[in-house]
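2 protein chains.
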Amino acid sequence: MTQPYNHIAIIGIGLIGSSLALATKRILPDTHISLYDHADDVRAEAGQLGLGTEIHDQISTAVSNAELVVLAVPVGAMAEVMAELADSLKPDTVITDTGSTKRSVIKDISPLVPDDCHFIPSHPLAGTEFSGPASGFATLFEKRYWLILPNGNEQIKIDRLAGYLGALGAMVEFMDTEYHDRVLAITSHLPHLIAYTIVGTAVDLETQLKEDVIKYSASGFRDFTRIAASDPTMWRDVFINNDEAVLEMLQRFTEDLSYLQRAIRWKEKDKLFELFTRTRDIRRSIIDMGQDS
Amino acid sequence: MTQPYNHIAIIGIGLIGSSLALATKRILPDTHISLYDHADDVRAEAGQLGLGTEIHDQISTAVSNAELVVLAVPVGAMAEVMAELADSLKPDTVITDTGSTKRSVIKDISPLVPDDCHFIPSHPLAGTEFSGPASGFATLFEKRYWLILPNGNEQIKIDRLAGYLGALGAMVEFMDTEYHDRVLAITSHLPHLIAYTIVGTAVDLETQLKEDVIKYSASGFRDFTRIAASDPTMWRDVFINNDEAVLEMLQRFTEDLSYLQRAIRWKEKDKLFELFTRTRDIRRSIIDMGQDS
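Going line by line, the protein sequences match chains A and B.
In terms of numbering that gives the first Met the number 0, the first sequence opens at residue 0 and continues consecutively.
In terms of numbering that gives the first Met the number 0, the second sequence opens at residue 0 and continues consecutively.
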């Protein structure tokens, strides 16, 4: 396959960055892949893993020959990283990011993008609870959505980025910024916040009870612990940067939870049964759409 | 293997009842298995699936020759079912149940147990989001905990029940009633309540947003929809019957959620990071205990 870009730079060698390097190498082997991470130990680990074409000690040299620069860092670090590399970009370079919040990233990055370069925000809906360069794998993006936010760019630039991500196996879709942040608030950010909360509630239990909660976690709680094991820095930044949409969805959730709490207290069996029947239908829709089995 | 009981009766042919019939048939093939369910269509389906030694149309004949009667019905139906079958039990029969709440079941069943019979409550920590006779499988209880509540019974009776459940591959442990209900409130009941709530919140979103939440559900929400697809009758009864422990844990959860909500609103990054780091450790404990990978 002819590669859409001859030279890409990936900034941040975590789960997403390392997976992107592995997928690109496997599917588009002639692509030159420059990697950079600000942490010495991460660069060293990436080197041992043989990730990318080469690993740079300087962000400037990592990006200076790239046609595409991918910012795969926590959303709270986007502005700082962009400021560091902006002067080293060659004309016509496309910059994308992989952040889970888009309004904040566009606000942070846009003022720093050189006039002759092009920022096309994006977001792969893919991940695991693991982090770091060793957690990456080449098939992470296969059959997973990768959302592109056109952000006023030329169609030809957008198509090229979409072609690259599609070549890696991702299902590319286009989405508006505000809408993205609302959809993600409910599909991803609120579930993570709730999982963190309930696991946190368990952490604070008295010792014996906490130990038994861990021991007998199989009946529902365990799924939450997996979600709540996700990268703390990434998720701290997500909540801070999508605070508006998250707080709106959280408000709705809290109201609904109070409604159920009251139904339990007053033993209103019909209210509980009615809701539990409706929620079952959503699962059916997801299975019908082939998103799970 | 010599079977601990020559004749068992299973009342309720749902996920648990059918799995118990399949596991017993496979591992203790000489055990006579009488099945009963109050629903005509469930009995018919169980018959087509070839479950048990025979399927009874009357609860009285199902239990009349049994040495062990297993009540595998929603906890809200325990009293009614026990009242129906009590007069048909032969002397020295052991009755157990598989309900997720134990204080309520003991309160409901104990007054109805004949003086010459023995009620030993129990609870298998095993299940899926599916229900009905076709959802059962013989390995459901393998390497899963099955809690027994001694409830003042003779040790020899308890040991025999433990021997039977252990033969099916379950890891048998003993637990006190109040403690059971608190542990389950946090490991199972609260996670289910929260999953039902968040999926319910999504159900009420405007149409387009709801459709996209389903479409892009992979990033966290999907795990909740699986939990929230569990049997509505069973779960309605669980919340109504373990209301005290559930409401206590829910109160703690709500406080913790308010704390995080405030941290997001005021952009208190350190508070978020600190909690997300602590919750990660719980996951590590669960993996270390071999409960997940």
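Note that these hints are calculated values from the structure, not bench results.
None of the values given here were measured: they were computed from a predicted structure.
Note that beta-carbon positions come from the ideal geometry of N, C-alpha and C, so glycine has one too.
A few of these clues could be false.
Ranges of calculated distance between the beta carbons of each label pair, as one might list FRET restraints [what the hints assert, rightly or not]:
| # | chain 1 | residue 1 | chain 2 | residue 2 | range |
| --- | --- | --- | --- | --- | --- |
| 1 | B | D115 | A | L208 | 36 to 42 Å |
| 2 | B | H37 | A | T206 | 49 to 55 Å |
| 3 | A | S257 | B | F136 | 20 to 26 Å |
| 4 | A | G131 | B | E79 | 26 to 32 Å |
| 5 | A | D56 | B | D287 | 35 to 41 Å |
| 6 | A | E53 | B | A133 | 52 to 58 Å |
| 7 | A | E53 | B | T276 | 29 to 35 Å |
| 8 | B | Y258 | A | Y258 | 20 to 26 Å |
| 9 | A | G131 | B | F129 | 34 to 40 Å |
| 10 | B | D203 | A | R264 | 20 to 26 Å |
| 11 | B | E79 | A | R264 | 54 to 60 Å |
| 12 | A | K142 | B | S59 | 36 to 42 Å |
Once the Cα atoms are required to be at most 30 Å apart in a straight line, the calculated DSSO-like pairs of lysine-lysine come out as [as the list claims (entries may be wrong)]:
| # | chain 1 | residue 1 | chain 2 | residue 2 |
| --- | --- | --- | --- | --- |
| 13 | B | K24 | A | K106 |
| 14 | B | K214 | A | K106 |
| 15 | B | K106 | A | K268 |
| 16 | A | K266 | B | K106 |
| 17 | B | K106 | A | K214 |
| 18 | B | K214 | A | K209 |
| 19 | A | K24 | A | K89 |
| 20 | B | K266 | A | K214 |
| 21 | B | K266 | A | K106 |
| 22 | A | K270 | B | K214 |
Against the structure, the hints:
1. B:D115 to A:L208: 36 to 42 Å: holds, 37 Å
2. B:H37 to A:T206: 49 to 55 Å: violated, 44 Å
3. A:S257 to B:F136: 20 to 26 Å: This hint is violated: roughly 38 Å between Cβ atoms.
4. A:G131 to B:E79: 26 to 32 Å: At 55 Å between Cβs, range violated.
5. A:D56 to B:D287: 35 to 41 Å: holds, 36 Å
6. A:E53 to B:A133: 52 to 58 Å: The hinted range 52 to 58 Å holds for E53 of chain A and A133 of chain B, with Cβ atoms some 56 Å apart.
7. A:E53 to B:T276: 29 to 35 Å: About 33 Å separates the Cβ atoms of E53 of chain A and T276 of chain B, which means 29 to 35 Å holds.
8. B:Y258 to A:Y258: 20 to 26 Å: With a Cβ separation near 22 Å, Y258 of chain B and Y258 of chain A satisfy 20 to 26 Å, so the hint holds.
9. A:G131 to B:F129: 34 to 40 Å: Between G131 of chain A and F129 of chain B, where Cβ atoms are some 36 Å apart, the hint holds.
10. B:D203 to A:R264: 20 to 26 Å: Hint holds: Cβ distance 22 Å, inside 20 to 26 Å.
11. B:E79 to A:R264: 54 to 60 Å: violated, 24 Å
12. A:K142 to B:S59: 36 to 42 Å: violated, 54 Å
13. B:K24 to A:K106: violated, 64 Å
14. B:K214 to A:K106: holds, 27 Å
15. B:K106 to A:K268: holds, 19 Å
16. A:K266 to B:K106: holds, 17 Å
17. B:K106 to A:K214: holds, 27 Å
18. B:K214 to A:K209: violated, 36 Å
19. A:K24 to A:K89: OK: K24 of chain A and K89 of chain A at ~23 Å, within 30 Å.
20. B:K266 to A:K214: This hinted pair is violated, its Cα atoms lying about 35 Å apart.
21. B:K266 to A:K106: holds, 17 Å
22. A:K270 to B:K214: Since the Cα atoms of K270 of chain A and K214 of chain B sit roughly 27 Å apart, the hinted pair holds (cutoff 30 Å).
The structure does not agree with the numbered hints 2, 3, 4, 11, 12, 13, 18 and 20 stated previously, though it agrees with the rest.
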